[in-house]
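**Student:** Sequence:
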Amino acid sequence: MSCVKGTGVLTVYEYLRSLEGDQGMEKLKNALEPTDRDFYSRPLLPVSWVDFGYYMRMVVTADRVLGRGNFQVVKDAARYNMDKNFRGIYKVLISFSSVKFVFNNAKMVWRQWFDHGVLTPDWLGEKVGTLTLTDFPEMPLHHEHNLTASIGRIIELSGAKNVKCVHEKCLRKGDPGCQWHITWE
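Take 142 as the starting number for the sequence shown in my numbering and just add one per residue.
Keep in mind the hints are simulated off the structure, nothing from the lab.
Please note that a few of the clues may not be correct.
[Stated by the list, open to error] Cut-off 16 angstroms, straight-line C-alpha distance, at most; resulting in silico cross-link-like pairs (EDC-like, lysine to aspartate or glutamate):
(1) K241 with D263
(2) K225 with E297
(3) K305 with E279
My request is simple: use the sequences and hints to build the entire structure.
**Tutor:** Right, dumping it as structure tokens:
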């Protein structure tokens, strides 16, 4: 089981609550599978590690019951998460850096949020590169919507414009890793 930091999960709860308030959160809770509902009901600390599978099932369910079922809530929650959590020292580092700095530190940033996986950058040109994720067991369904939006937003926060982030290879489809091809201006 691979886990994501509780800070991100709590921030996504905050985003989801902003959509329809406590009533929406109750709808979400009732729509979750019993084991996920039980997990959702427990106290969560920012330093906790949360099963990434649970996290993805929760945001996909939220997309279905609070959104239109087209993964837009998943993407918007991921972007909100990056906006809220890449503040403070991270915001200073990212805003005063370059896309190259962010790329070169992708492994370090990844390890702040996930307990498994290696995110490897590869420069392909001046404003194009790939990020490849390996060593991530049990990749959950629909992860690409969350991670693509997150990666794209971090690149935007470093000052890039017109970011295009495409999930080209996928662990779930049998590729040796997930790979994102990223271009920007």
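**Student:** Indicate, hint by hint, whether the structure satisfies it.
**Tutor:** Here's how the hints hold up against the structure:
1. K241 with D263: 10 angstroms, holds
2. K225 with E297: Holds - the C-alpha atoms of E297 and K225 are around 14 angstroms apart, at most 16 angstroms.
3. K305 with E279: At roughly 26 angstroms apart (the allowed maximum being 16 angstroms), E279 and K305 break the hint.
Hint 3 from the list above is the single one not met by this structure.
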